[in-house]
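S.K.: Chain residues, written in single-letter form:
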Amino acid sequence: MRRERADLITVAIPLYGHAALVVEAIESVLASRTARRLAIVVSVDGDPCREVFDQLTLYAAAHGNIHVIFGPNSGPGGARNRAIDYILETLPDTKAIYFLDADNRVLPTTIDTLYQRLIGGKAGWVYTNIDTFSVNWRAHYGDHYSRLIHCIADNTCDTGSMISIAVFKSGISFRSGIRFDEDRQNGFEDWEFWLSCIEAGFVGQPCHDTAFEYRLRAESRFKEANRDRASSISFLRRRHKALFRRPRLVDFEHQECPRFAVVMTGDGMVRAFTDPMRVPNELRFDDAVSNFWGSVSEPDNIHFPPFLAACSAETLQLLRRARLLPNLLFHLERLSESVNVVFLEIGNVAHERSLEHEAHPSGACRATRADLVLTTSSLVREAIANNALDWLSSLAQEQMWPTSATLRARFPLPRALPRRSCVRPEQALMNFINATATSPLRETAAKRWTWRPQKLPARSEAYKLLRTELKASPVLPLGVSSTKKRTVAVLVPIASFGGAEKVAFAATRELKRIGFETHLFVLGSERMDVLDEFDGDFDYIHFWKSGVPQWASSDRFLGQDFIAESEGIDWNALKGLLSGFDLVINNHVMAAHPLMARLRSEGTRTACYLHVVDETTLGRPAGQPYAAIAHEHCYEAFLTCSEQLKTYLHSFGVPSEKIFAVPNAPGFSIDAAMAAEVAARRRGERQPGPLRLLYMGRLDRQKGIDRLYGCIAQLRDHDAAFTAVIVGGEILADAPSSWSGRLRELGCDVRAPVFGSKGLANLLAWGDVLVMPSRWEGAPLMIAEAQQLGCVPVATAVGAVGELITDGEDGLLVDQQSDPEIIEHLAKAVLGVARDPECLRRLAEGCLRTASGRSWSGSFSAFLDWCQVTIPGAKPRAAEPARGGGHPATAQTGTARTGTGSVA
Amino acid sequence: MRYAQMIGMASRNKLIIAADIDRHIFDASPLKELIYFVNSDISGSLVLRNTFPVLAIAASIAGEKKIKVFLQAVRSSRTIPDVPTLRLNPETFDEAATLIRQVLEGGVSRLATFAASFTGELAMLRREREVLLENYRALEDAFHARNWEAATEVFAHDPDSDAKDEGIGQVLRDDGVEQWLPVSSHGVSGFALHFHEAGGSGGELLVKLECVETEQRVAEWTVPFTEIRPEWNFFTLAKACDGGRRTLRLRISTSGGHSPELSLGHPISNLRYAARPEGARGTHSHRPLALRVFTGLPGVRPTGMSAMLAPNLLEHGRGIVDHRLSPDTLRAVTDVSVTPIIPDFQTVCFVEHEGAIICHPVIEGTSAAAIRTAIASGTIRFSARAKIDHPEGQPAAVGLVMAPPATDLRAEVAKLAATGALPDPLLFSGWRKVTPDQPVNINVMLDAPAPTPMDLIVVSRAIQTSVDFCWLKFFDLRLVREAGAAA
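Note that the protein sequences, when read in sequence, are chains A and B.
Note that this note's numbering has the first sequence beginning at 21, numbered continuously upward.
Note that this note's numbering has the second sequence beginning at 260, numbered continuously upward.
The reader is advised that the hints may include incorrect statements.
Sample of chain A residues with no beta-carbon within 12 Å of chain B, all distances over it, derived [as the list claims (entries may be wrong)]: (1) 44; (2) 223; (3) 313; (4) 369; (5) 402; (6) 436; (7) 618.
Stretch by stretch, here's where chain A covers chain B in the computed footprint (C-beta under 8 Å, at least three residues) [claimed, not checked]: (8) 306-318; (9) 593-607; (10) 683-690; (11) 701-708.
None of these hints come from the bench; they were simulated from the model.
In this text the structure is predicted, and so the values were computed from the model without any measurement.
Cβ atoms here follow ideal geometry from the backbone N, Cα and C, with glycine treated the same way.
For reference, chain A alone in the conformation it holds in the complex (with noise of 0.2 Å):
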């Protein structure tokens, strides 16, 4: 039988400086125990002293297992680097390498203790405590590796490790695998190997059953480096991107140190998680208890939630489905800083989601029943700790005496709705507050019981440098997608039936499609409206009011109002949603611009749409453009929805190359049979019967309401035969009198505004023409809908009206004049199409014409194909024809037109 041969470890020494102290090195090797074979590698890294030379001739003529290499100055790093190749290559049964410092010393048993660890487990390296000798100094790193704080925190790991060969082997060659870092400007080069191990999924291990001596004199180049510690902790940060955005650090988080602890009223177990839709680690009643005694006594070692919660796992689902979970404990940890407890309730509302709470003093009676409960762990151990279990157990009575905040959040909800819990989470969350104070744990945890000193943060507090590491508090709790999905947050101000945010909502369904995670923000605002047409396509919702203006002048650019930094916007707040996604679109919301930039350093994609150049009563051009102009640095991309827009961002400085013209495409989708019956009717002989005459929009000026009644009222002077429908309110109410009324004198059907597609399409299926007699426009989505159904668009040339209407064959332009002039072209194209039937049919079978080769997908195309270059991770899309090599940031279809008249 062939008999295997020991496994081989290899010692490296990079060496300089330690010309005398060397051979203690060599010889702590030469001593150890162990039934392994050793190696050792000496890389000397142009050290001037002779001896040197000397000493390692003789131990190299004595023992066949020293190697030496002689090479020029090129620090640690290169000196170890040397050391490595010559591993992989010379002695390429390595199993492991151990760094040594040839300053240190190991101990007999170090090396075969650490690998006996290594290979009983799966850890890319395991590493010990650190006892220094010379000058006595020693700390515990911790019974359990966190990546988290390897990353924020500090470097937990000497380089005094015993190391996996496959870390080195790692690359795509044995070449190519993990290295140090030889930039002589990084002074933590061994904590930068750390980070590119943990980059390629390394992880550590300690093992506190050896140590090795660590040789600390009153000064060092460790302490050298660490008075140059910030540049040196930016260098990293810089040099290690990716492993510092937010889903990345908050994975680790999920699994090292978990934010929440939810105490399940089911089945009393806890759960453990950050990310709630990841898998959580689920404790024992029990022993959650113990890891709650031992956070106190061993913060370093064991770990407990900071928040403590309590609900039923049929709550956490119905969040989840609800796609609010993340943000609603972003809102939970965020309002438990300022009172003791917070309360969950949730509400049903068929056709929109909100969030609102409500803060309650000491003393407050409360009525309802809450959904979810959740409190600080701090506050818990404040009060055992104070005899205060009274005082807190208040909380499940009706009257309570800790502060608290009630957090409403209203969404529909599935039409079965879900069992709920016989237990209240209040009484569940006392319950395990009862059994935490009783436990007898509680009278040993003033006892610290690993003798070496703290080293490391409270695990529990890692939230916190989390925060600190992220310039954001809270932290979204959302980790890497499970799906690996890139992600994008879509950013609006109001959720409505706007069309802004329609075409935002286009925006995100199209890089759903492409395999975005998506992620739609309402900044400013509590509630959004529900649009069947894309309420399928967002991944997670989020809502943030709390102090977001809509609108705000901390300075002006070029006149125009724009947000600063300086203003009291609670940045962090913003920064802890916004963070760590791979492309933001920023959809008017004035306030996130100044975050643009900071998110854009941290590796996120930037992108700024705009819709409309706003007048102000006086006719001054304002709106959201201004604004975005005055940040364009901080995008990497602008989406416009006209030709004339983006000719308008480019004379301002906006590089063309950064610009997408999108043109717009109708809001919503009508489904084939309608689309089928609705064209073989236009195409076909037209009923007798008078026009059907209809206007779909606010009653207000800018909608140009006036000329609408002027129009009307010249038409029935010239005793046309029309129906006029006209759908809309009066939301602005900028005119003394009521339209409504006035619209009714003169035998109009007014209706109230309709949101569903299905009544949208219903109107526009009905009317002959839709009149649109408007001051300013950007691109109206409502040109296309009504194109799309046949229906002719008259209307004024505003914003980028003409490249959506080609006059006289999808539609009727009226140029801008005086507003006599225009009431009075408007009437005479609508009693045109009245008098003349075959005109009409011809229009309308323009429209569908047109309506026939437009889409979002092809609107979008160019910037979807800027997405998947740019975006890391972005792979080409399949079934794609390849574009040419034209402007890339230009609007391909055939529908984009130019036009003229005022800046859409």
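Place chain B on chain A using the hints.
M.R.: Chain B only, in chain A's frame:
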């Protein structure tokens, strides 16, 4: 003794450098294996692997020129001293080459080996000097401060009475208990364990204090049960632990008789410091032992101690490994009994669930259970506990034999049966009487560590006319060997 296996060959080391263009000449010389051939066209950084140029040689003028260019580059690396260059005369080439080889392989190699041995010694002395300096300063500080505390309690964890703890005696007997101390070894002069019940007679408590990081034994106590007192028993060290701060670990076990009942302390969260059965890692409870740790002068009994117990074996500085024979080893047991009787049941076997070797005596002859190479090289002591596992079992005589490998074991058992002794190099513990009431511990001490693996034989014989119910079992077969000795 160095235990790490050597790898590779020193012959890869190159001590001479020569130019590539002279290779064809030197390849035919005795110097071939010692030469690192260089090309003077050096591009990039100069890196030498396992090359220690003490001499540069040339066989031609061109070669000498090339060498000089190379040496210029070597000089810039700073570590390598100036290398003398020698151009060999073609007429005396062979003699010179032979002489150079003899000097390098003989003289230099011999000197290197000698120098390496005293640098090894130097490293050891340096380490000792560090400890001495630290201790000297500690003593001086204490002297100036006049803080000669006889005994200072640095940690205390009180007993927590619980009726369910009464079974710990069984755990001590079966597996032994491991307990880490929550203070560093620095200055520790003793510790106290709490017993809520003293043991009966006829057994011993074995307490070992070890250093976790180095696996070194600090001290060991073998205490007859009769010396254990209820409540706190102070285990004093012969000398206080020195300045190096290490983690200390207690291993406690008992043998024979009715074990004293160790007290457990209040539960704690950190399971690493909870008491745990040695044989069953992972079956932690939250309970550490009730214990107190003291620094100060060794041998001074702190107040409130019922008894003070001195160590019986101080092995400080020696790497000692103490472990039980694994089930895999025990499973290999074979019957080498010498008896005219053929019993109708198996007299020798391994009982897996008890971890015990059964070796029933028969009424005539000697029962013997052998395990080949069970005793690892480096072993300095072997022990086992024999017990008759039936209240009505008849007494028997038991013993342990250690034999060199390849011994005819059955023949040696026959000799033992005939003469009652065994010749060198076999080791026999002597016969010990075991009864149902009186289990025995059997120890075999070696004068020097076993140089090679040895065979183990467990023997038993009847001492009365009956062996009824004599269910004789050997538990806790364990050996102590120098750590690092090849197993």
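S.K.: Next, verify each hint and record whether it holds.
M.R.: Results for each hint:
no. : hint    : verdict
1   : 44      : 5 Å, violated
2   : 223     : 20 Å, holds
3   : 313     : 5 Å, violated
4   : 369     : 46 Å, holds
5   : 402     : 19 Å, holds
6   : 436     : 43 Å, holds
7   : 618     : 40 Å, holds
8   : 306-318 : holds (count 7)
9   : 593-607 : violated (count 0)
10  : 683-690 : violated (count 0)
11  : 701-708 : violated (count 0)
In summary, the numbered hints that this structure violates are 1, 3, 9, 10 and 11.
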